[in-house]
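Each chain, letter by letter, is given below.
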Amino acid sequence: MIEGGARSVSGGGSWLDREHTVAKPGFSRWLVPPAALCVHLCIGQVYAFSVFNLPMTRLIGITESAPDDWKLTELGWIFSIAIVFLGLAAAFTGTWLDRVGPRKAMFAAALCFGGGFFISALGVYLHQLWLVYVGYGVLGGCGLGIGYISPVKTLITWFPDRPGMATGMAIMGFGGGALIASPLSVWLMQQFATPTHVGVVETFITLGIVYMFFMMVGAAIVRVPAADWAPKGYVAPTQSQKLITTANVHVDEALKTRQFYLLWGVLCLNVTAGIGVLGQASAMSQEMFPGHITAIAASGFVGLLSIFNMFGRFFWASTSDYIGRRNTYMIFFVLGMVLYAAVPWTGKSGSVALFVLFYCIIISMYGGGFATIPAYLKDVFGTRYVGAIHGRLLTAWSAAGVLGPVLVNYIREYQISQGVAKADAYSVTMYIMAGLLFIGFLLNYLMTPVHERHHMTLEEAKA
Amino acid sequence: MAKTRDPEDVSDANRLKLVLAWSFVGIPLFWGVYKTLANAMLLFQ
Chain A
503 MIEGGARSVS GGGSWLDREH TVAKPGFSRW LVPPAALCVH LCIGQVYAFS
553 VFNLPMTRLI GITESAPDDW KLTELGWIFS IAIVFLGLAA AFTGTWLDRV
603 GPRKAMFAAA LCFGGGFFIS ALGVYLHQLW LVYVGYGVLG GCGLGIGYIS
653 PVKTLITWFP DRPGMATGMA IMGFGGGALI ASPLSVWLMQ QFATPTHVGV
703 VETFITLGIV YMFFMMVGAA IVRVPAADWA PKGYVAPTQS QKLITTANVH
753 VDEALKTRQF YLLWGVLCLN VTAGIGVLGQ ASAMSQEMFP GHITAIAASG
803 FVGLLSIFNM FGRFFWASTS DYIGRRNTYM IFFVLGMVLY AAVPWTGKSG
853 SVALFVLFYC IIISMYGGGF ATIPAYLKDV FGTRYVGAIH GRLLTAWSAA
903 GVLGPVLVNY IREYQISQGV AKADAYSVTM YIMAGLLFIG FLLNYLMTPV
953 HERHHMTLEE AKA
Chain B
4 MAKTRDPEDV SDANRLKLVL AWSFVGIPLF WGVYKTLANA MLLFQ
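Quick note, the sequences are listed as chains A and B, same order. Under this note's numbering, the letters of the first sequence match residues 503 to 965, in that order. Under this note's numbering, the letters of the second sequence match residues 4 to 48, in that order.
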């Protein structure tokens, strides 16, 4: 029977405390991935937030924008603020999370993310955009950051034999969250809309309740293993092998290592290349294949990319358990370079099928980069502070979130202003992305084990 | 490291909880993938 050690609070302390989440004998570790998915499937909604943009430009005008309605450019800041606070929260709460355990962190994430929707609903109701910025952007963004890193260390501890697969499952949920949120949000707005009302307020409240409940279920299910626990048949390595260490590096010490910045660059460049084209996928497909890919077909193409983004997270992270993290990233960079360089050729040859195939593989590796990095960090820095180190590394995501779209948009605009045809305007971008991946390849190639002077002593590790 | 438990030997009650937990996340995810795939089919029409 699954013991609910956390149900009892008679021993003092809170139901949320780490000591109340220690699993009792007989607990199945396979309950932990769904707990993590409860959180990641919810916070993955952020990728689908754009479905609210157009309705929120018609809150007053209803059928079309009125002069006092919010502008798309103003609404675009909601997503940007949320992503910035995702990075900040992940970076600054990682150490706290390691101390208090996953349940309290998931609980806090649920309150922040759900609460963000409620404040945003109030903002829409009162037509005060700053409340939406504060609600979904700041509070919701903190929920995103805390929720994103909350199950990582727990999963790695439960699955020391398959850390890539375990974190891949959770981070796959982040990719899958948008697949649920997008049709769900559209359906809810349709249900709540009236001739005088677009239904955003009620949709935000409903989503806030649903997401808060879903994430709370995850917090209730999650457990941490007992200190002396190990999976059946698993023998922990006693000596470090190549890049896989048996030691632990403190989160503050990790920032003093070359390896942290190499991995920061590896993640940043992999994400930059992917995120740059992901945001432009619809327009790019239509402009590279005018007359062949319509606007409706392009939306189908974007949907297909979302699915490959999601499953790539699980596939590549799981594969990394067998071929190693470094080799997995080598594949991302080498195969990515070849595919990015070949994309312009698919446009010139008119092969829609190859274009779609190449893009699907590229985006699977974009997702795979996110999902493989926690296990890579665990290999290099040990398990003890992997959650906190992962949180700080996610600032690379924030940087890439700015760098990628800026590179693609700026280069495209420059090309068109120089008289290059729209269909050819992406070629240079693709070659530059391939160049970025080459730099990523070099950084990954330079990865070496962390020097022993950075390792925690046995006494420090036990403390 | 000492191994103290066998987490893979699950009872019927555990199995039920596993089914419930995975269904709780799996059904919405399946629905989302289905809706997205249905939309993606527009690419091939």
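These aren't lab readings, by the way, just hints derived from the structure by calculation. Please note that a few of the clues may not be correct.
As the list claims (entries may be wrong) - Below 30 Å or equal to it, Euclidean Cα-Cα: the simulated BS3-like pairs (lysine-lysine) are:
no. : chain 1 : residue 1 : chain 2 : residue 2
1   : A       : Lys526    : A       : Lys744
2   : A       : Lys734    : B       : Lys20
3   : B       : Lys20     : B       : Lys38
4   : B       : Lys20     : A       : Lys526
5   : A       : Lys734    : A       : Lys744
6   : A       : Lys573    : A       : Lys924
Stated by the list, open to error - Computed footprint of chain A on chain B; a stretch qualifies when at least three of its residues, placed anywhere within it, have a C-beta under 8 Å from a C-beta of chain A:
no. : region
7   : 14-27
8   : 31-45
Just so you know, even glycine gets a beta-carbon here, dropped at the ideal spot from N, CA and C.
To see whether the hints hold, each was checked on the structure:
| no. | hint | in the structure |
| --- | --- | --- |
| 1 | Lys526(A) / Lys744(A) | violated (35 Å) |
| 2 | Lys734(A) / Lys20(B) | holds (20 Å) |
| 3 | Lys20(B) / Lys38(B) | holds (27 Å) |
| 4 | Lys20(B) / Lys526(A) | holds (15 Å) |
| 5 | Lys734(A) / Lys744(A) | holds (25 Å) |
| 6 | Lys573(A) / Lys924(A) | holds (27 Å) |
| 7 | 14-27 | holds (count 8) |
| 8 | 31-45 | holds (count 12) |
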